[in-house]
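Chains as they are written, first to last, in our numbering: chain V, 1 to 76; chain D, 77 to 286.
Honestly, the hints are just simulated from the structure, not real lab data.
Treat the hints with care, as some may be off.
[Stated by the list, open to error] Below are the SDA-like pairs computed for lysine to any residue, each with C-alpha atoms no more than 25 Å apart in a straight line: (1) Lys51(V) with Arg161(D); (2) Lys25(V) with Glu162(D); (3) Lys80(D) with Leu131(D); (4) Lys276(D) with Glu47(V); (5) Lys147(D) with Phe159(D); (6) Lys147(D) with Thr171(D); (7) Lys25(V) with Thr171(D); (8) Lys252(D) with Ser266(D); (9) Lys4(V) with Glu165(D); (10) Lys4(V) with Ala174(D); (11) Lys51(V) with Lys176(D); (12) Lys176(D) with Lys25(V); (13) Lys51(V) with Lys277(D); (14) Lys176(D) with Glu47(V); (15) Lys51(V) with Glu167(D); (16) Lys277(D) with Leu48(V); (17) Lys25(V) with Arg156(D); (18) Lys25(V) with Glu167(D); (19) Lys2(V) with Asp41(V); (20) Lys272(D) with Leu131(D); (21) Lys272(D) with Glu47(V); (22) Lys277(D) with Glu21(V); (23) Lys4(V) with Arg156(D); (24) Lys176(D) with Ala36(V).
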Amino acid sequence: MKLKINSRLHVLRAEQRITQEQLAKEVGVTRATIVAIEGGDYNPSLELAFKLARFFNVRIEDIFSVEGQDSVSKSR
Amino acid sequence: MFQKVDSALSRMFVLGLPLIVLLAIGMSFVDQDSITTQPAVIQTLHGLAGLLFGLWMSVAVYISARLVFSKPTRNTILPRLVFLRERDEREAFLTGNATKTNFLITFAILILLLCLNVFHVSFYRVPPDQAPSDKNNVVTLSVDFSLIDHITEEKKGNATGGSKSFVNYSGLPISKTAILLFLIIWQIASYNYLMKQFSKKGAGIYAEGN
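Isolated chain D, as found in the complex:
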């Protein structure tokens, strides 16, 4: 039952994407502030576009969540997206090797990005009268390790434009550092957990390993 719903919704998501792009382009020519003064046809189209976009957004959120939590949905949709082929044991073997290399490279990139995101370096020159010694070139090294996004509060204020909002969602309130750290920890934990699971099932059965 879920499989059929997922299949239909994923098709709707993919096929709806060009339509959403076209609607976005079309609506960019319409002045959003004066929509109530526009002809009835434009107003109806605007309403319809909003409804379609809302529906598509809901489908996108649902599909994204299903991809995370449902193994059959993930294994049906994502391999097509990344052109992953496992038609026989040789391709499964090659996929394993490619995945291992990809996993390690991604892991290295995540560590690099975390370092670049966390470390702060600044070089500056202080006036001679304010310098603590005869040297007035200063280097400051610091580590910024905040897990919560500081600009979320600003975003909230800007999004509503002063009007009273009941619900306002403008992205996850976590920092880039938190996301990178989560992905690093997730990669290690997920790999080790899956290795244990697959070891129990039997490593020789390649078809079961995905």
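One chain only, chain V, in its complex shape:
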């Protein structure tokens, strides 16, 4: 089963008043990648996830969460 990853990147970005372009530059990717992550079209690598978490000074779980995580946990 493919997991659906939800992103709170746009919320964190809005809170800190940072543009997609600025964030992209800070973490070393293109703006299109930030757009794709926020739109749920692309799941970032672990490396990029850590970079984003470090930039916002939060944990990775504060940015990304798995949709239907409870049902996955129960099935285990």
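Based on the hints, put chain D in the right spot on chain V.
Coordinates of chain D only, in the frame set by chain V:
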């Protein structure tokens, strides 16, 4: 050192292309057989054009060979030619997907072309008196699997026009079948070899994967 030479020569190759086309167009108006009777200016221009074309051909052969055997040259020149972009991990991921699809489609096309090239079918009608039975419509199915180009010998004869030649190169002496077969085998072998190499290096490092 090689990188700088390759870079300069590849620029020369690309920038020289329009000049070669212009020279070819210009020289097409000159009668090649009567070049010795033409004015001195035309003769000099003809000689210069020949020299430039010879130089450009040498550069083209050198660059082609370097593209095959030199990874840095290949990775610098070819991505620009095919507009391949890998600025970050997402683009590397997309490139991987596009390359996989392209690889499989190309592979399928090669198999189709090989089949179309190898199989021969002919339908014909024999006169009633020569027919082995009461049916005179004949279907012939055959497979032509020759790896050497049959027309090479004819090409050699035509190219020299009867005069004695010391060196005569007129393309690879291998058939279309051989080329298609080579490309099919190459695709399989190359893919599997590279997969092993990249697995050893670490599949997670996208930047190393090209």
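What hint numbers does the structure not satisfy? 11, 12, 20, 22, 23
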